[in-house]
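Engineer: Take a look at the letters that make up each chain.
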Amino acid sequence: MCCSGGWRDVAETSVARPIARGPRGQVGAQGATKHLLRWVAIVYVALLVAWPVTLVFWNTFAEGLQPVIETFTDPLVLNSLRLTAIAAAWSVVLNTAFGVTVSMLLVRYEFPGKRLLNALVDLPLSVSPIVVGLSIVLVYSTTNGWFGAPLANAGFHVLFSTPAIVLATTFVAMPLIIRELVPVLQEVGVDQEQAARSLGASFPQTFRRITIPAIRWGLLYGIVLCLARSIGEFGAVKVVSGNLIGQTQTATLMVEQLYFDFDQEKAFAISSLLAVISIIAIITVSLLRARAESRSHS
Amino acid sequence: MTQLLETAVFPGPDREKRSGPGGVFYRPVSTLTKGSGLALGIAVTWFSILVLIPLSAVVATALAGGWAAFWDTLTNAQTLAAIALTLGEAALVTVVNVVIGTVIAWVLVRDKFPGKRLMEIVIDVPFALPTIVAGLVLLGLYGPRSPISWDVANTRTAVFLAFAFVTLPFVVRAVQPVLEELEPEVEQAARSLGASGRQALTRVVLPALAPAIAAGAALSFARAVSEYGSLVLISGNLALRTEVTSVRILTYVEGGQSAQAAVVATVILVVALLVIVALDVLQRRVARRG
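If you read the sequences in order, they're chains A and B.
Residue numbering for the first sequence follows the numbering used here, beginning at 1 and increasing consecutively.
Residue numbering for the second sequence follows the numbering used here, beginning at 1 and increasing consecutively.
Looking at chain A on its own, in the form it has when it is part of the complex:
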């Protein structure tokens, strides 16, 4: 960052004009700084993310297709994928219902304690997955848990079974839809909703015909983010599931177990599948967002 004139150079090129020469013609030095920063960014991202991610796909197919086929015909693996799908589906459904309700309340209404609620709904993002798991173990413990003991008396066992996995997954993915919807709801405003109401539409009609179409892209990418997070959850699920092989093992837990059992080909194959899902999610969100932006500009 030595050269005077570096920022002017930046300013000029970013609006796609030809590079202006500084007062003392220091274009060379300015270009050098810019290139240096570009390469620092590229090398860092490549070494930390791009190259390692590529290697996972490479390692998956290093021994040919046979191990991949074996992995995805293994009943234990299929079972873990099914459990992940169930947990993720519940998480998306519950978080969509909760997210839409809370976002509407936070944006469209005033009530005491609103700022507190607004702050608290972000809490799950800063809590360690292990602490999430621990918190669920503590309340649903069948011996002395606040909810667990009465539920056990009534014959329900939450821990070490699917309900606990659903709870853990829903907990960690909770804020994502709200974070997407709140800004979108603020941006669309209330004019159309009020117009519809004043013309005699009921709340459910207004919500279905006006609000949902206006926020559908924001809602959709909130759902994609929530889905990606739910599929990938590991720590919280590990604590609450008991990791019972073939029963409470999700796909991510399966990766860990296979890796430590020296069944690395299968671990790589499942990882590749999960990586593909998350990359598809990123690209989907980016396309949806571009679409939403172009609409709001037109």
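Hints in this document: simulated from the structure, not taken from any laboratory.
Just so you know, even glycine gets a beta-carbon here, dropped at the ideal spot from N, CA and C.
Interface residues of chain B toward chain A, partial, derived using beta-carbon atoms under 8 Å: (1) Thr31; (2) Leu32; (3) Gly35; (4) Ala57; (5) Phe113; (6) Leu129; (7) Ile132; (8) Leu136; (9) Ser226; (10) Tyr228; (11) Val232; (12) Leu269; (13) Ile276.
Fit chain B to the known structure of chain A by using the hints.
Structural biologist: Then chain B, alone, in the frame of chain A:
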């Protein structure tokens, strides 16, 4: 543009600003109808059952044993080492992210080169990739099978790499939208009024970016302190050497020592919240001065 995190994690200033009719002079006036009041009741009940009550149980369990038990757990050599390692590495990674994250954001906004769109996507990968897969991914390049023969598995460098991987998007995605709003003309104006390149950077650009950098740094630190999944395969979880607090808590849970687990969990909960509050205060102060 792939700004997965822009609103995913940073809802933007609008959310706060518009949350009350009178801004800072917010009065708790209720505009709830019967239906929305019922909806609020159900939502708050669900939120309490799912999040608030379980988290309270953690704090309650930690405090139930009394101060002596709390202190005993914390001063256990293995626990202390885990806390020190986690906080140290998280702080280091946050500093690296502040520098490199700002550089990456700057490059994405002000530079043009082939492959920029790919870079946008790659930066979001750590956010969407399952953490256990992140660990496996890093092992590929930095583990025993490393094609560059740089095996750092089971060392503290591995802890650093895992933290750096999972926290990469935070500062970038916090700074990027602010930098996009900052017109290059502002810098040009400063320059035409006689400011040097360095002055334009330190007096104009960085102060405008400071709140966003602080917000990204807070999230990055909080995420690193609570990280678990990406470390499982690569750090080896060696007691006193590469064991982080999350692993320490899990060891206690698996050993049936919920009280001890709750103590360590409470400490990292408090640390994460303190950092978020501290940086929020700092951010407001900087914003006011600017």
